[in-house]
Each structure stands twice: as structure tokens, then as C-alpha cells.
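> For my numbering, add 707 to where a residue sits in the sequence shown, where the first one is 1.
Certain hints may be false.
[Said to hold, decoys possible] List time: in silico SDA-like cross-link candidates among lysine to any residue, alpha-carbon distance up to 25 Å:
1. K993 x L1024
2. K903 x K993
3. K1103 x M878
4. K1034 x V844
5. K1132 x T1153
[Said to hold, decoys possible] Just the calculated beta-carbon pair ranges, DEER-fashion:
6. E1273 x Y1078: 30 to 38 Å
7. S1247 x P897: 23 to 31 Å
8. A1167 x F1022: 47 to 55 Å
9. P1171 x G868: 28 to 36 Å
10. L1257 x P897: 30 to 38 Å
11. P845 x E871: 38 to 46 Å
Since the hints were derived computationally from the structure, they do not count as laboratory data. Even for Gly, the Cβ is constructed at its ideal location relative to N, Cα and C.
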Amino acid sequence: MGDLLSQFHGSLNILRRDKHSPTVIGNHIVILANGDPADLDCYTGPNLYHPLTPADHCDIPAVNRISNVAATINVPTDTTAGNNEDAVVCRDCVDNRREWVGCRSGICLRADFHCAGAANDLWAIPERSEAVDIRLVPMLCILYLISHLDRANIGNAKILGLTEELGLSGMQYNIALSLFFIPYVLLEVPSNILLKHFTRPSVYLGTLIVSWGIIMTLTGVVRNFGGLLTMRILLGIFEAGFFPGSVYLCSRWYMPRDLATRVAAFFCASALSGAFSGLLAAGLSKMDGVGGYSGWRWIFIIEGLVTVVLGVLTFFLLVDSPQLSTKWLDQDEIRYLVIQEFIKEGGQFKEENTKTSWKDVGDMMLNWRIYLLSYIMLCQSACNYGTKFTLPTITKAMGFTSTNAQLMTVPPYIAGAISAVLFSKLSDRYYWRMPFVAAPLLLIITGYAIIMGLKGRLEANIGPGYFAIILACMGIYPTYPATASWAMNNLAPSKRRAIGSAFNICMGNTGGIIGSYMYLDKEAPTYPTGFGLSLAFGGSALLVAVMLELSFMYANKCKARLTEMEIRERYTDEQLLAMGDKSPFFKYTL
């Protein structure tokens, strides 16, 4: 929706919903007007049903008892996806006032403004999401890129001599990989709960980034297995809160239908981190011996110092909330974004309605669909980290030198980044999540099936093997943002969304522990366990995605059986608000 507030001045007054408020029925919005319907028509544009008389709306039960109906407007399903989005209508100017009404999931909010003049067309007001995109998304993408760079560069360091110099043997390398994920998984939910208590998320996230940058730098000077384990555990502690915090921050700035593309930008950055890591490792390997340090040590030292610098910049550059963005948003734009968040909350802005309780945590633990969504993310994470930690070794098994093997990891990650953006754009365009979860999973299945068919003869089949790796990466990176957005779209209000998103990501990231043990050195270069498990994860995740789609369809059908009058007789407004996504008015995103 456009920025309607740019046409008004005066103070904002949010009113409680009452029986005279407009109501969402199906995909319709009923517009109440005190003025002449003909005048209203010229203000709101040509999208209204005609003729504009109350008698023409008798088929809509909630309208039957309202005497001053001016019109209804049909909101296309591909725009609102079952009314989970907001819609804006406007009353005629009466006594130099105009009423703005936002409707979402049957909850209507009212706000009065002084008229600054007649609107030319209330449905053609430009959006300001571009300004948010410029200030928020690139910064988060850069930080997410560096976070993945820091956790996965150990794979690049391995083929430059890390295991030999530290004397690692047997499973010690795999243990070092997996220990990162234990605190990372355990601390994601507590971190997001803590984040909600910060007025400025930039302070909290900036502190985390500076801390893990210092840890990364110190990893470059470890001398033994124990030192490496300590650094990996500390890295997991401080990285745990960044990604769930970033997703939650985006969910506060964007409406649900716009979220998948923004989350996909993170995974585009994740894929690019793999490409950048290979290029950077190839360059830093030339520093072997500088200052008495091996080339693999300089990978950790240089990347750690860059992380510290970016963490300091986060304090000043990362945007926090509309209310704290007066330097780049004007007051009308801030009001619009605040109201937009108000709509997403179903009208809940009071502290007692937004603070997190143990009941909210319990509700998430009992939401069985969250576990299915988490399983899809677990499968993606296992494939992702297993491939990321091992890809330089796989390309080296194709017969390339260490430097060239690093460079050959770049194209698969670039293909993954392009795929993540493309699938997420389509997912937001059609506002249908499941097909854009299922299609990448099919690519994963196809890619690993080809690799399994080669039976380890990678050096003799470089072309098919390399193509299969690219195909797998093109499936791995779009899966996570589509699944994360699917989960976020089906949780309400924000306090549950914050807990649920962190819980979902937390459970999903346990796949990183599995991925750390999938590719065993003793099985190189055939890696039957790693490739076989990746194939199994892709197939099982596809089945779970289909099950979820059917369950959401069934739940929506059950909710649709109740009329609005039946719902209003059964529940109060407060009960409906407290129900969140369980409300009969809330339609699940498919």
C-alpha cells in the first residue's frame, strides 16, 4: 500500500474498533461514508462496486445492519493472500476531516487526520519501502555475509594446512566444526527474547559482531586442538543472536508479503560469502610466512579484524525503528510505518500486549507446524554446512591444485545466490510459499542423485560432477528464506513471531551439527555418507513441505466455515487479538 499519510497533517489518534468501523468480509472491504457517495467515488478511484446503495450489500451479513454503506472494494487475493495484508480506505471529507482505516484479518483500526486537500487518487500513492531497503537490507546483508564467512572459513583453512599444523587427527576436525553449533542453537531463542528489551537493536547486534570479530582474530593464533575448540565455542555464543535478530528486525519494517525477498537477500549474501571466501583464501594463501604466520592463520586474522570494524559501524549505520529514524524519514512516513506495524499487531501496542511471557514460549512449543517447518530448515542446514565445509576438498578431489580448488568453489555459490533471489522474488510475487520451497528441494535431490551416480569418480567426470554441485547449491540457498518467510507469515502477533522465528531457526540450525559429521576424511573422495544423507534430507523435506501445505489448506477451510457474525458471537475482540494466528480471522499463508 502507498504512503497515505503524506496527504495529511495533524496529530494521529488511534481509536478502538467499534460497530461502525469498516469490516473485512472475504476479500472485500466495506467503506462507510458520511459524505455523498458520488464525491467519495471521485476520491477513491474506479475500483468500487456500483451502484453505491446499502441495498446492494444485503448479501454481506455484517453490512446488512449498517445504514451508511457507501461502497465495497474488492481486494484481489494475489494481493492480500486471504486478508493477511493491510488495506487502506478513506472517507469523504466531513468538517475538514478525513478518516484513514486499516484492515487486517477482520480487525479494523481507525485514525483521524485533518484534510490537507482532496486526494487525486488514494490508490496511486508511491511507496517508501525503497528507502527502508536502502538503509536496512544492504547493511544486514553485509553483516550476514561476514558472519557466514567467519564460521565457514575453517574449510578454506583446512586445505592450506590447518589440520597438519595443529596436529588434528581422526574426528577432531569434525568435532571442531560441530562445537560451534551447540551454543549457536541453544542461545538463539534467549537472544531474541533479550533483543526485544533493547530500544536500539543496533547496540545489541553491534556488540555481538565486535565480540565475534575479536574471537575470529584470536583463532588465527591458536596453537593446539584445545585452543581451536575454545574459539569455536565462543564464536557460536556470539554469532547465535545475529540471524534471528535480523529476521525479526525485518519483520518489524516490512509487511508479510514483502518479507521473503528481504530474507532471501541474506541467503544471497550467505552464498556470496562462500564465493568470496574462496577468492579471499586464494589471495591470503600468498601471505604464507608473513610475520611468521602460515597462510591459513592470516585468513582468520584479516577476516576477524574486518568484522570488528563492521561491528563498530553497526552502532551508527544500522536502523532501529521508525520512531528513531527521524534523520531520513519525515514525520508522515514515520506515522505510516508505525500504523503499519500497528496493523500487523492487530491493534496491540500496549506494553502488556507486546512483552514476552512464558505462555507465549509454551504456545510455540505446542505448535506442531513449527516442528515441521524446523525440520525443513534442518535438512537445508545439514546440506548447506556439509557442502560449505567440504566443497574446497571436493573440488580438490577433482584434480585441481589447492589455489585453483579455492577458486572453483566460487561459481556454485554465485549460482546459489542468483537462485535465492529469483525464487524469492517469485514467492513474493505470487505470495505462495510452498512451491518455492518444493522446487529448490527438487534441485537438491537431482544434484546429489547425479553425484551419487558418479560413485566417487570425480576426477574422471569433472563436467557432470561440477554441474551437480552447482545444481545442489541452486537448491540449497533458496530453501531457507522461503521456509523462514513461510513460518513468519503464519505466526502472530510479533511477540510470538519473535520467539517462533528464533525457535524455528534454532531447531533448523541443529542441521549444522549433522552437516559437520556428514563428510568424513576416511571416505574421501566418494563421501557416500555425506552425499547419501544430503539426498535423503532433500527427499524427506519435500514430503514434509507437502504435508504442511495440506495442513494449512485444511485449517483455512475450517476457519472459513464460520461466518463473521458467528465469530463475533463466540469471541470478544480481546480474545481474537490474544489468539493471534489461531484466530478464525487469520488465514494461513500457503
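> Please flag the earlier hints that this structure goes against, numbers listed from lowest up.
1, 2
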